[in-house]
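K.L.:
Chains as they are written, first to last, in this note's numbering: chain A, -5 to 103; chain B, 105 to 215.
Everything labelled a hint here was simulated from the structure, so no lab data went into it.
Treat the hints with care, since some could be wrong.
Said to hold, decoys possible - Heads up, simulated DSSO-like pairs for lysine-lysine below, C-alpha to C-alpha not over 30 Å straight-line:
{"hint": "1", "chain 1": "A", "residue 1": "Lys51", "chain 2": "B", "residue 2": "Lys113"}
{"hint": "2", "chain 1": "A", "residue 1": "Lys3", "chain 2": "B", "residue 2": "Lys161"}
{"hint": "3", "chain 1": "A", "residue 1": "Lys59", "chain 2": "A", "residue 2": "Lys16"}
{"hint": "4", "chain 1": "A", "residue 1": "Lys100", "chain 2": "A", "residue 2": "Lys59"}
{"hint": "5", "chain 1": "B", "residue 1": "Lys113", "chain 2": "A", "residue 2": "Lys3"}
{"hint": "6", "chain 1": "B", "residue 1": "Lys113", "chain 2": "A", "residue 2": "Lys100"}
{"hint": "7", "chain 1": "A", "residue 1": "Lys9", "chain 2": "A", "residue 2": "Lys51"}
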Amino acid sequence: AQRVTQPEKLLSVFKGAPVELKCNYSYSGSPELFWYVQYSRQRLQLLLRHISRESIKGFTADLNKGETSFHLKKPFAQEEDSAMYYCALSTGGGNKLTFGTGTQLKVEL
Amino acid sequence: NAGVTQTPKFQVLKTGQSMTLQCAQDMNHNSMYWYRQDPGMGLRLIYYSASEGTTDKGEVPNGYNVSRLNKREFSLRLESAAPSQTSVYFCASRGDPEAQYFGPGTRLLVL
Chain A
-5 AQRVTQPEKL
5 LSVFKGAPVE
15 LKCNYSYSGS
25 PELFWYVQYS
35 RQRLQLLLRH
45 ISRESIKGFT
55 ADLNKGETSF
65 HLKKPFAQEE
75 DSAMYYCALS
85 TGGGNKLTFG
95 TGTQLKVEL
Chain B
105 NAGVTQTPKF
115 QVLKTGQSMT
125 LQCAQDMNHN
135 SMYWYRQDPG
145 MGLRLIYYSA
155 SEGTTDKGEV
165 PNGYNVSRLN
175 KREFSLRLES
185 AAPSQTSVYF
195 CASRGDPEAQ
205 YFGPGTRLLV
215 L
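Okay, chain B solo, but in the shape it has when bound (with noise of 0.2 Å):
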């Protein structure tokens, strides 16, 4: 099992430029999350989605939109990047009664 994989593992964008990040999961997992990790700040969350066809926001959504393409995939899509949405970006799923489980990591920098 490959657990949770991201794509890409580092991207520069420009300011105003739009891109999608990407997740999936092949441990059968209900649910899925994505954070961004800030230093200082530690985690905080995006959006998740608790089961297929379902998505919620976090504590930090503006900015972000989401798609639970199936229940493996859980994309991030930035709409129009701006330089305060310079971060790490983790994906993590989950599955009763289990912990989180994180993927990688996704560096982004917008210049």
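Okay, chain A solo, but in the shape it has when bound (with noise of 0.2 Å):
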């Protein structure tokens, strides 16, 4: 069965570091991974996919098939960017996600 695994519950930065939120996932078949961030109780928005390779609000991702890892990566954070983030692996038919159990970003001054 498909699993996202998000291992830190809560990732505390200053503004200006770098960032790395987490995301290992288990699946025997092709991989198609995303993700979304959800910002004080609004809705989850798309972030980014691996297919599309796009760089969102300065946030990157590499799908590594190898370490089956996606983690989510920012050079220098932003007070804005503190949010809840989730990994999210899409699979069989239905396109259904698979959500890891989310990190919280926090970004202090």
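With the hints in hand, could you dock these two chains into one complex?
P.N.:
Right, here's the structure in full:
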């Protein structure tokens, strides 16, 4: 069965410091991976997906099939980056998403 | 485009009461989904509809039913609400080859 693991519930960094939010997955097929962001009490918004290889709001993520990871990175954290981040894996018929438990990023001044 | 809309935004129920959560999308997407979000558990899929006229169970379907009324609308029904169903419910839609897009959520409190 597919699984997404986000080992950190909370990550606290200072403004201007680098950020890395970890995501590991287990899936026997070809994975399609996403990062979603949820600002306080708002809807989930797509941040990026691995097949588009875009950089959104300065965030990037590289799929590492050998390590089954899809870590989210940003070189310099901004205060407005404070939010909940979810890693998600799309699998199977109907393109269902399996979510990790999320990491709360807090950027401190 | 409004994207994905949900009603109501907030609801309080007593144990045993029933209610229907409404979801609509105006992006002409084929697939629609219902998730629940609970602290420390991320989002879990309740039901989904890969296309108009079809519905399938997700990870946590017990206590829920769904109806794909037409291509735009996908409703979630709680027949007899329980305190364990207190949660935030999100609807989402997807059109190939796009990602899923989410609604604003419904906060449900079951007393």
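K.L.:
Taking the hints in turn, state whether each one holds.
P.N.:
For each hint, the structure was consulted:
Distance check on the hinted pair: lysine 51 of chain A and lysine 113 of chain B sit about 29 Å apart at the alpha-carbon level, within 30 Å; holds. Between lysine 3 of chain A and lysine 161 of chain B the alpha-carbon distance is near 28 Å, which keeps this suggested pair within the 30 Å criterion. Proximity of lysine 59 of chain A to lysine 16 of chain A is assessed by CA-CA distance (about 14 Å); at most 30 Å being required, the pair is judged to hold. Restraint check for lysine 100 of chain A and lysine 59 of chain A: satisfied, since their Cα atoms lie roughly 28 Å apart, inside the 30 Å limit.
At most 30 Å may separate the alpha-carbon atoms for a hinted pair to count; lysine 113 of chain B and lysine 3 of chain A meet this at roughly 27 Å. With a C-alpha separation of about 27 Å, the suggested pair lysine 113 of chain B and lysine 100 of chain A falls inside the 30 Å cut-off, and the hint holds. Using a Cα cut-off of 30 Å, the hinted pair lysine 9 of chain A and lysine 51 of chain A holds, with the two alpha carbons roughly 15 Å apart.
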